[in-house]
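Undergrad: With the sequence shown counted from 1, adding 652 to any position gets you the numbering used here.
In case anyone wonders, no lab produced these hints; they're calculated from the structure.
This one's a predicted model, so the numbers in the text were calculated from it and none came from an experiment.
Quick list of simulated restraints, FRET-style, between CB atoms:
| hint | residue 1 | residue 2 | range |
| --- | --- | --- | --- |
| 1 | 704 | 909 | 57 to 67 Å |
| 2 | 997 | 1043 | 23 to 33 Å |
| 3 | 1028 | 704 | 44 to 54 Å |
| 4 | 1047 | 1009 | 18 to 28 Å |
Just so it is clear, CB atoms sit at the ideal spot from N, CA and C, and this is done for glycine as well.
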Amino acid sequence: MHNVFMIIRREYLQRVRKKSFWIGTLVVPLLVGLMFLGQFAMMMIKTEDQRHIAIVDNGAGVAGLLAERLGEETFESGEPAYVVESFITSDDQDFQAAIDDQKARVASDEIFGVVTIGDQIFENENFGFQLKNVGNERAVQSIENELEDIVVSLRLEQSELGIDRELLDRVMSPVRLDTYQVSETGESKKKGFIEAYIGTFAFVMILYVALLFYGIAMMRGVLEEKSNRVMEVLLGSVSAEQLMSGKIVGIGLVGLTQMLIYAVTGGTLRFIVAAQQIDGGLTGILDAFAPMKLIFFVIYFLLGYTMFTSLFAAVGAVCNTEQEAQNLQFPVMMGVVVPMLMTFFFVSNPGSTLATTLSLVPLFTPMLMFMRISVLTPPAWQIALSIFLMLGTIWFLFKMVARIFRVGILMYGKRPTVKEIFRWARQPV
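When you get a sec, could you build the whole thing from the sequences and use the hints?
TA: Structure representation (structure tokens):
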């Protein structure tokens, strides 16, 4: 055991003493935060690009009103946001010809787009906006809002129902449905999808990066020591199983140190927000740092780490170069990548049959079960079963990987075939 502790100490201190460890510990959460802030910032950016719009109206009486509304829109600098040209037609043939002329101008980038308005304002299919960049949602929404307001007013006038527009606006004002999450104790707390998604995604992203980072670090460490023949020196003092165990535990303690730093920081932020009685989205997001969720985060990190680093250690042991390892590591990485791609689905449907089934598959359990716990805590038996299945899988993998590791670390030259690797895994220790 003394030899194992020496390897653990070596692996742990070798990494924790590096500046790169502390820089990385700080950078990962900052990158996650900046990624979200960047998205919101990009959404808020308003470019002052003046847009040239043509309106073709087939006698509906909308063009003049829409041109007036758009002409009133200005940038912060005071410059008009739109330059508008109106074309009024009296029959379908002239209407189509005018549209074709303006479409040609759109195609040549002479104008931004053309709004087409038929003669039947009571038909929703009567309106169109033809432009090159249909992904410019801000511009489309701006014109659509103005057009809708004008058309509703004209419809009221033409219907002769005598309904006042102001009264109609009050009657038709949208109803906001606030959502409150009910806990198992029956208490409810205001929380929306965005808060649930961001809080969960931030933790899952850290889990994703940590599992891949430390798994690949294990693989590269084995490869480096194998290529430098350091393994042969170490095996003179310890067995292959002790060496692998020491490496996994040592690097695991590095990861645990990092996770505890995140947990303490998040818990402190949550305490400060609660003490200051800050309400709103931040409170909902920091619910991800609730004590029980932090405990489960550490549990699934340790289980996932042990499982994935064992597999990455096996990959490093059977390969001679990093290029060879990249081909073999792909199936292992899928256990982390696939759950990450399904984050949105699992946050929206944490109790679905698919979510329940996949979260009990050991390869996906660390990330998927934690997602479910973060959004809507599943029954205790499912959590217990997932931990039991992972422990069983880790025990099985550890025995199998130890056999592969024992043979692979001393093999040089040609990379073994899959058949040979399975033969090593079946050999008695």
